[in-house]
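One line per chain: the protein sequences are A and B, in this order. Under this note's numbering, the first residue of the first sequence is numbered 6, with each subsequent residue one higher. Under this note's numbering, the first residue of the second sequence is numbered -7, with each subsequent residue one higher.
Keep in mind that the hints are not guaranteed to be accurate.
To be verified - In silico BS3-like links for lysine-lysine, alpha-carbon gap of 25 Å or less:
| # | chain 1 | residue 1 | chain 2 | residue 2 |
| --- | --- | --- | --- | --- |
| 1 | B | Lys220 | B | Lys69 |
| 2 | B | Lys4 | B | Lys220 |
| 3 | B | Lys158 | A | Lys347 |
| 4 | A | Lys347 | B | Lys198 |
| 5 | A | Lys347 | B | Lys4 |
| 6 | B | Lys187 | A | Lys347 |
None of these hints come from the bench; they were simulated from the model.
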Amino acid sequence: MSTAVLTRSSLPPISWTLVLLVLGLVGSVVAGGYVISQLQAHGHAAFHGDSRGLFWTLPIVTYDYFVLATTGLVMIASLWTVFGLSAFAPIARRSLALAVASLGGAVVALFMELGYPVRALLLIPFSFTWSAPLFWKVWGIIILSAALVVLFLTWIFPGKDERPALPAALVAFGAAIFVAVVAGGVYGWMSMRPVWYGGHTSIAFLVEGLLTGSALLVLFSWIIYGFRGEQAGRGDTPAFGEPFRLLLVVLVAAHGILQLSRLVSGLYSNLDGMEVWHHLWGEPLFHAELWLGLGVPLALLLLPQTRHEAYALPLAAAVVLLAAFLSRYHFVIGGQMVPLFKGSWAPDLLHYTPSLAEYAVLVTSVSVMAAIFAALQLLLRSSGSLSAQS
Amino acid sequence: MTKWGMVIDLDKCTGCQACTTACSMENTRLPGENWQDVLFYSEGSYPNVNMRWFPRPCMHCERPSCVDVCPTRATYKDPNGGFVLIDWDRCIGCKACMVACPYGVRFYTDERAVVEPDVRSVFPGEGKRQWSPPYSSPHDDPKHGVGVQPKGVVSKCTFCYHKVSKAPAGAADLDEDDPATKEYTPACVRVCPPKARYFGDLDNPKSKVNKLIADKRGVRLLDHTGNKPQVYYLSGGAGAAVPSSRSSQGRS
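Take these sequences, add in the hints, and give me the full structure.
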């Protein structure tokens, strides 16, 4: 069995983790405070959803994005913890820490969106609504969280070099796949929403989860190493070499195939509701997501001139993260753009521009994630656990 | 077991919106957030314009997709009468039911006012109530989604549950012309000037609604979704009442 023992000298410098922590805390307080003040003053009128058809808006886009990233990060860690691929051993712990942080960002966005978040916490798990995808999704997240707690207590905090106990790792891996599939089902099982409907949606969510998880891991590793790609990418994190580059290439390509497949069927179809794809086709941001979001990472990671450069992986990851967010945004909003039974009271296609409060939800989620990740890094470092990881 | 249903004769409906107004008053709706609405559609361009209208309450489906997706059992199918109702004490405002409803009949009113001035600021509500209407309304019954809509929850047409649920046992039809059932008839049915709406027990073979559905070939909206609405439309063979959402694009 391979292990990945690292020396203290190879640890990331503490300074950038502290910077990340401070930025995360400041962002959480400022942006979160703004959202809360707006919700207190205006209720959910501070958000730009409406009963004509746009029910789920930027906060739900943010929530889904970070939930999927969480599932992807757990799956990446599982490459070592479950499947024993030693190339991914050095980043398994960090991946799980980032998964916890990402889940924190997701929950914050959801709580700001819901009318009664505390009631949701109490009622969803114990209402046993077997037919509701959200019931299963929440239970998936509960089981995933429990498995993560066990992994932290028995493996990460003790700083053990060997792989964790298989049951907890296996449960986390299974729960991550389950959550991603059901999260896709929340949209894909709705036959009245043609843009969302289809079994492929869950597959697309799985791929997007892995893609965003991988990209987040690269980017945050790069940040805590002080933006020094040669350290984050090569020195003490060998996982960010060839295996990770290939993984990201495969994921970008898979995501691209799914996106293009959906686009072509959308443009081709005469079905009521699919006219959204024609609208998206006319949007510059959609084309940026599609062509730059897929093309730039692939070029950076495949071209002989760039693929071995230290900046290639983090830069590709940053572009991937932006493109994946836009993809999620276009998917969630696009599926609701055709108003159902509103007649001439509503336009043929609803238009949506997020409010400042909704953007602040996004900033809050990112900040909370950064703060939790940095805090976990510091905690692991102070407990001595970090010497066993990259 | 009673299964209340509605029949709407599109050949009789004049699009006067009396039903919409009566519903809004009866159920203390915020202006523009109409549980019951008459939708207008226009096709073509001048001088070849075709205008149509379509009355649309909640369909109170037999197999409601909104109930299936609700993670807290806040939206439920009442076995006594077949109403689809919302328990406001269990609703968390996740809006999954709104996304899942093929008919767009659910409302989350914690949003920018549809009609100005915002009556919520003119008549501010007490406690969780969104507003305090300056006229009488049914007693708040949050377990059945009746009364002034609280903040943070979703609402919908209740088939005037607060009236219909008190109807005499065994009544086949609730008709405004029958003194015995007049007070139990839903507001939208009771005020319809051309009498385009009928309300009765779909499980009672003697009800007028069943006879109309059979004799005039009543149809259900978006039947292919499998929701099986308890609202039937009579169109007399006049064709689709609701144009395709792509009709304005000039596609067939």
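So, going through the hints one by one against the coordinates:
1. Lys220/B / Lys69/B: 13 Å, holds
2. Lys4/B / Lys220/B: Measuring from Cα to Cα gives roughly 24 Å; hence the hint holds.
3. Lys158/B / Lys347/A: 32 Å, violated
4. Lys347/A / Lys198/B: Measuring from Cα to Cα gives roughly 34 Å; hence the hint is violated.
5. Lys347/A / Lys4/B: 21 Å, holds
6. Lys187/B / Lys347/A: 23 Å, holds
Hints 3, 4 from the list above are not met by this structure, while the remaining hints are.
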